[in-house]
Amino acid sequence: MRKLLQPVLAVAFGLALGLGVTRLAGENPWHVLQILWKSAFGSRYDFGMTLFYSTPLIFTGLAVAVPFQAGLFNIGAEGQLTLGALATAAVGAVWPGLPWPLAPALAILAAVTAGTVWGAIPGWLRAKRGSHEVINTIMLNFIAAGLASYVTLYLLKNPDTQNPETRPIGAGYLISQFGIFGGAPVSVALPLAILAAVLVWIFLWRTVIGFEMRAVGQNESAARAAGINTGRMTIIALAVGGGLAGLVGVGEVLGNAGKFRLGFSPEYGFIGIAVALLGRNQPAGVVAAALLFGALHKGTADLDFETEHVTRELSLVLQALIILSVSADGLWSWMKKRSAA
Amino acid sequence: MAFETPAAVELRGLTKRFGSVIANDGVNLRIQPGTIHGVIGENGAGKSTAMKMLYGIFPPDAGEIIVNSKTCVWESPADAIAAGIGMVHQHFMLAGPYTALDNILLGAEPVRCGVIERKKARTRLEALARQYGLPVDWDSPIEELPVGVQQRVEILKLLYRDAKILILDEPTAVLTPQEANELFRNLKKLRDEGKTIILITHKLKEVMSFTDHVTVFRAGKVTGEMPTSQTNPQELANLMVGRKVVLNINVPPAHTRDELAMEVAALSLAGTVAGSRHKLSDVSFSVKRGEIVGVAGVEGNGQSELLQAILHPREPLCRTSGTVWFLGEDVTHWEARDIRDLGVAMIPEDRQREGLLLERPVSENFLLGLQRSSAFSQGGVLNSRNLLAAATQAEEEYDVRPRDLAIPAGKLSGGNQQKLIVAREFQRKPRLLIAAQPTRGVDVGAIEFIHNRIVRARDEGAGVLLVSFELEDILTLSDRILVMYEGRIAAEFARGQVSEGELGLKMAGS
Ligand SMILES: Nc1ncnc2c1ncn2[C@@H]1O[C@H](COP(=O)(O)OP(=O)(O)OP(=O)(O)O)[C@@H](O)[C@H]1O
Ligand SMILES: [Mg+2]
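Heads up: the sequence lines are chains A and B, in that order.
Under our numbering, the first residue of the first sequence is numbered 1, with each subsequent residue one higher.
Under our numbering, the first residue of the second sequence is numbered 342, with each subsequent residue one higher.
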């Protein structure tokens, strides 16, 4: 009960604080809230866009949550998803003629593989060299960004446009979009993300490796004494995280853009950290938190032109406030004490 | 009785529930000032819980705490500390990487104009340490000090904060007999200076020799309170457990097989493990199947290093020259997992650090290390039905209380945590059992039980290496006794060849 209540209260608290800020900026908070709601859920199209933003966040939230269960902090989801998307687009650009079921299958495989490798590297460095995964995943983010620019601008540049993007992928690669969202690009990637969450749950709670991974996250000495290979678990945890992040490429490339566009991600990888935190590193929690952050992202998009004093950066402020209140354990005990008194 | 003098501490009808568990059920307790008051009782009887309420860690659900004739309601331990109460916990609460000095100052920093006056604090602490004969290396990180010294730090912390009422929760569970004697000398000195000392322990000898009064807990209630001079160990044991306890089990002679369970040849240790004073030099011995070999010794003479070297030969800190064979295999360069798969069970020295996932439920802790056995997983998928069945049965058999597989292991009482580990390790049906301090913190009934289980494992053909500071464990169980001194094996005795006194002398290096 408390497990559920705490994040919900934290969100409410963060939202209230955030609206308080808009008040200081000279807006009517009630008005702001209405715009937020309308923009996120007001029409099928709006709701579709919310789902569209939520989908990658489910993947990146899981990409942070899985290593977290093993006691590892994956800050590298941004790099992992960049390479996942790049690999997807590269396959589609290099072999545009492949037929339908084979083509997306191959592209999805490429996305997972690229992400997995990019996650396994810091895992390996941590396990074998003891160097900290936080530093290494951050560095790999930079390397991934550089690699993506190079491939996009020099190897696979789309000759038909000035935009920094790769050649379009073949038609056989496109995955279907759902028609009911009034044209919002909600594709099969969404059910894929939910499926991933279910599989992650099974992995963590029903498999031997999941158990061993969590044991390492809980108490490394005890896990080692019990005969668990802690180094291997470190590598697996970050590799699985990387693979999940890589899947962001599926929705973006196969379900939306049809190519890799530099800078397509509004930092999904970093928002994923907040998603995992709010979702308490549990798959179901991550899905719920991703929906919330997707709604915030979409909701704040319209604030710019609908209000005078509030810009879409409010989204960042709101996210920050929610995260702060989730992390503030003291807040919870304070409220409990108040209600006890 | 001396009820006319006001009590230093009085607990009236103290009650505390955790979910469906009633940890304390109307506890009444009076403690005279200037006495050493023993508190005994089975694992999970509620001793720690009562003391934690007295120390302000959690509030009672009902009942009163009266200190020096004043009814007190604590918001937090800070209030209890201000009222002169101090507590050394069953599982120490020290901050690992900080120095001994910082650990004492933590939370009681002597501040002047915003600057911590470390110099002055240090002078005062050094004086206290001299006065009570509690030498401490102030500048070492606390995690590198032996447990005996860590405990001195905990006690000095109380004295530094001017505690008048000292609560010690199983202080000797981690000490050698020598260290324990030293501790009691100090406690007596403190008592004679007028301090009041509450001592929780499972060792009836300590109760008999060092306390003035004793209170017995059972199942959350006080079942007896008397001056120590008017009771005896057997009566106390029976009061605690509620049945007649066999204090000294009778171990039948071993039917040793010729097969070796383990052999160690010329083991030496290059580096040092945290907390060690001595390295290993040229240790060789063997354990046959169907035999219990006990390793006795004062803490810090290489026993921990021996265990590390045997169990984690690949760890850089434990790197050894020498060879280790388990069950006929040269395991010197093996992974822990392959070693365990041979049929090796291990009861670790430090149960919380090396044995448990404190935040995870009992069931998962029972699974730890068994997750790949065919009973509990098939094709990489866990079989939770089998797990729950086996864990339920083990809780019953090993009397782990409460019978609840869902509560986090960290919320079990200390002795029940130990029983959980013992249950898990015996689940392996070991061919080789390495047991370090197997009875640490368990009550007399459970000691009897664990001793019987170890003997049964031996009789079923397991080789047992027993490392313990408890001479009682060693003398009762061992078919052969090895004495470690300064990293070497200094003496060897067969069962019955050595008296407690003689063994003590050998352990001291004479
Ligand atoms: N924080 C907690 N949450 C839930 N249950 C608890 C908690 N602390 C203690 N208990 C339960 O309360 C009961 C009494 O525990 P307590 O630690 O007081 O026992 P104890 O007498 O100190 O035992 P031991 O000798 O094994 O240390 C046990 O059943 C234990 O599982
Ligand atoms: Mg206790």
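These are computed hints drawn from the structure, not numbers from a lab.
All values reported here derive from a predicted model rather than from experimental measurement.
Even for Gly, the Cβ is constructed at its ideal location relative to N, Cα and C.
Among the clues, some could well be false.
Now the in silico label distances, taken between C-beta atoms and shown as ranges [as the list claims (entries may be wrong)]:
#, chain 1, residue 1, chain 2, residue 2, range
1, A, 324, B, 359, 54 to 60 Å
2, A, 183, B, 716, 34 to 40 Å
3, A, 263, B, 359, 51 to 57 Å
4, B, 715, A, 129, 53 to 59 Å
5, B, 417, A, 12, 25 to 31 Å
Comparing the hints with the structure gives:
1. A hinted range of 54 to 60 Å for the beta carbons of residue 324(A) and residue 359(B) is inconsistent with their spacing of about 31 Å.
2. With their beta carbons about 55 Å apart, residue 183(A) and residue 716(B) fall outside the hinted range of 34 to 40 Å.
3. In this structure the supplied range 51 to 57 Å holds for residue 263(A) paired with residue 359(B), their Cβ-Cβ distance being about 53 Å.
4. For the hinted restraint 53 to 59 Å between residue 715(B) and residue 129(A), the CB-CB distance of approximately 35 Å leaves it violated.
5. Taken as a hint, the range 25 to 31 Å holds for the pair residue 417(B) and residue 12(A), whose Cβ atoms sit roughly 28 Å apart.
The structure fails hints 1, 2 and 4 (numbered hints given earlier, in ascending order).
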